[in-house]
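Residue numbers (this note's numbering), protein chains in the order written: chain Z, 295 to 501; chain D, 295 to 501; chain Y, 295 to 501.
Read the hints as simulated data drawn from the structure, not as lab findings. A few of these clues could be false.
Identical copies carry no separate label here, and so any pair may be met within one copy or between two of them.
No farther apart than 25 Å at their CA atoms in a straight line, the calculated lysine to any residue pairs in the SDA-like style are these [what the hints assert, rightly or not]:
(1) Lys404 / Ser485
(2) Lys404 / Leu348
(3) Lys404 / Met486
(4) Lys404 / Trp472
(5) Lys404 / Arg360
(6) Lys404 / Gly349
(7) Lys404 / Ala363
(8) Lys404 / Arg380
(9) Lys404 / Val459
(10) Lys404 / Leu346
(11) Lys404 / Arg323
(12) Lys404 / His297
(13) Lys404 / Leu379
Everything numeric in this text was worked out from a predicted model, so none of it was measured.
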Amino acid sequence: MSHGWFVLLDLLGTFAFALSGATASIERRLDLFGVVVVAYVTACGGGIVRDLCLGSLPPAGIAQWRYAAVAGLAAALALGSRALLRHVQHPVLVFDAVGLGFFAVAGAHKAMAMTGNIEASIALGTVSAVGGGVLRDVLLNRVPVILQREVYAMAALLGACIQVVGQSRGWNNALIPWLGSGCCALVRFVSMRRGWALPVAGGPQPD
Amino acid sequence: MSHGWFVLLDLLGTFAFALSGATASIERRLDLFGVVVVAYVTACGGGIVRDLCLGSLPPAGIAQWRYAAVAGLAAALALGSRALLRHVQHPVLVFDAVGLGFFAVAGAHKAMAMTGNIEASIALGTVSAVGGGVLRDVLLNRVPVILQREVYAMAALLGACIQVVGQSRGWNNALIPWLGSGCCALVRFVSMRRGWALPVAGGPQPD
Amino acid sequence: MSHGWFVLLDLLGTFAFALSGATASIERRLDLFGVVVVAYVTACGGGIVRDLCLGSLPPAGIAQWRYAAVAGLAAALALGSRALLRHVQHPVLVFDAVGLGFFAVAGAHKAMAMTGNIEASIALGTVSAVGGGVLRDVLLNRVPVILQREVYAMAALLGACIQVVGQSRGWNNALIPWLGSGCCALVRFVSMRRGWALPVAGGPQPD
Chain Z
295 MSHGWFVLLD LLGTFAFALS GATASIERRL DLFGVVVVAY VTACGGGIVR
345 DLCLGSLPPA GIAQWRYAAV AGLAAALALG SRALLRHVQH PVLVFDAVGL
395 GFFAVAGAHK AMAMTGNIEA SIALGTVSAV GGGVLRDVLL NRVPVILQRE
445 VYAMAALLGA CIQVVGQSRG WNNALIPWLG SGCCALVRFV SMRRGWALPV
495 AGGPQPD
Chain D
295 MSHGWFVLLD LLGTFAFALS GATASIERRL DLFGVVVVAY VTACGGGIVR
345 DLCLGSLPPA GIAQWRYAAV AGLAAALALG SRALLRHVQH PVLVFDAVGL
395 GFFAVAGAHK AMAMTGNIEA SIALGTVSAV GGGVLRDVLL NRVPVILQRE
445 VYAMAALLGA CIQVVGQSRG WNNALIPWLG SGCCALVRFV SMRRGWALPV
495 AGGPQPD
Chain Y
295 MSHGWFVLLD LLGTFAFALS GATASIERRL DLFGVVVVAY VTACGGGIVR
345 DLCLGSLPPA GIAQWRYAAV AGLAAALALG SRALLRHVQH PVLVFDAVGL
395 GFFAVAGAHK AMAMTGNIEA SIALGTVSAV GGGVLRDVLL NRVPVILQRE
445 VYAMAALLGA CIQVVGQSRG WNNALIPWLG SGCCALVRFV SMRRGWALPV
495 AGGPQPD
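Could you put the whole structure together from the sequences, leaning on the hints where they help?
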């Protein structure tokens, strides 16, 4: 994956994640500062936890201004215009799926490059992709959505596995990231369109 | 403590902690993925926080497949068979007390070996033992049980203190871990059987 | 800032923050251990997160007994005497504002000295000052207060910015910390007295 593609996908994913954080925090009636912080944590939290576990300090998410800038932009959009927000709703779901795949693969790649440890790299690739959403839900005082329904973390896990297996076996470096992130994004997107979900422990709610 | 005992107690404790996480998350109606994740975080979260504070990276909990495997096994048991779960209920409480003592002592030992700092080692031993339960409760969106009632964290603190004091004074290396973890497990087990609890701030609930 | 001032402001701030944690956890009816833990986390949590992000390990908050001692003292005061607590209420609000400014500036200074990275230092200065309060609210199972209302984090951000800008441009080392922490404490204190708040996303609550 060339540097240009890397930056583009990174910023698109950051934007989509930040928008989900900003939207959720507006629903919870946070103040302006709170909306920006939750947007930022949703976008960058997973990568920050990954970097803490890798000892790659200070974490990229707080050392580069562009992440905070993109989070601020997403917060401004979410705060500014509900009409515009409704217009971008569909592209944002696509960006979110693409960002999920990209973060899982980029996180797994960085972890493999720094540790060579397969288990840790799969775990940290998944955490890079879904950790921000977990922190968003903890800050908004609710059980993390990814633990309750939807095929979201499983898609990220799939992308991280493809990247780590490919990297450890020396497969084609130029193709593996595309394969991993593409499969993740596809599984996420199709499952979202079709309403796929994992079974809930204890069977359906009795009501 | 020999390596064989170390691995055995480590896996027993991991299993008991993971089972408590899986059971609690089934009650909250998480999906299958959520149950496995919460089981894993309950079992390994304390050790991961300890390793982050020690700079022992990547944390053992994510770098070795056996922890994830034991957590998955515990989740499968909790999901699979309520009858079987009821049968193992009593042994699991014993394993949990034993695991508490073992994690407190092993965490304190690792922290002393890496930093030589007494305060940090007592704190990190306790965090190793109770941190996973705190993270479980944060993910399940409730106030951590250990902050509200029961003699649980105090028992872990006792075990960590015994280990740290013994280690810093050069007491018998073969005995100290058994003494520390034994005292912790005993205090935990007896207090559980007798319903001991710390006083609640502000006195009894007026109702 | 001389070493004597540094220690004095550090302990005053720690005490005020710990008192806010102890008071909030008594309201939530935690047990004695829970009150001490939440007091300690409120006082030291922000600095611990900062030190994790800087790789300054083990974090100062767990490596020095004085922080735990001050937190224990604050918890004892909050638990012991409501009459005394009411008497110190006003000084404590001043200490809290002063502590906010001091933590923001001290955290930003440490981050600049260790990384030289402007973005990271502003972020970590702010986290040093407000991170403990966020962790307190997460443990007490509520949406963090600083995300919802009041000019609190913005004041810390201001203090951290002044310190980082001054330090990176080589301004007078003896004056910058006083200027940064003074501005932060002043903004916090005035906004508290006047009831200033940031606008809430979505406009006023319809009720």
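To see whether the hints hold, each was checked on the structure:
1. Lys404 / Ser485: neither (27 Å within a copy, 44 Å between copies)
2. Lys404 / Leu348: This pair counts as both: shortest intra-copy Cα distance 9 Å, inter-copy 19 Å.
3. Lys404 / Met486: Classified as neither; 28 Å inside a copy, 45 Å across copies.
4. Lys404 / Trp472: Classified as within: same-chain Cα gap 15 Å, cross-chain 40 Å, threshold 25 Å.
5. Lys404 / Arg360: Both ways: Lys404 and Arg360 sit 19 Å apart in one copy and 23 Å across, limit 25 Å.
6. Lys404 / Gly349: both (12 Å within a copy, 18 Å between copies)
7. Lys404 / Ala363: both (23 Å within a copy, 24 Å between copies)
8. Lys404 / Arg380: For Lys404 and Arg380, the Cα distance exceeds 25 Å both inside one copy (35 Å) and across copies (44 Å).
9. Lys404 / Val459: within (14 Å within a copy, 32 Å between copies)
10. Lys404 / Leu346: both (13 Å within a copy, 18 Å between copies)
11. Lys404 / Arg323: neither (36 Å within a copy, 34 Å between copies)
12. Lys404 / His297: For Lys404 and His297, only the intra-copy Cα distance (14 Å) is at most 25 Å; the inter-copy one is 33 Å.
13. Lys404 / Leu379: This pair counts as neither: shortest intra-copy Cα distance 33 Å, inter-copy 40 Å.
In terms of the numbered hints stated before, the structure departs from hints 1, 3, 8, 11 and 13, listed from lowest to highest.
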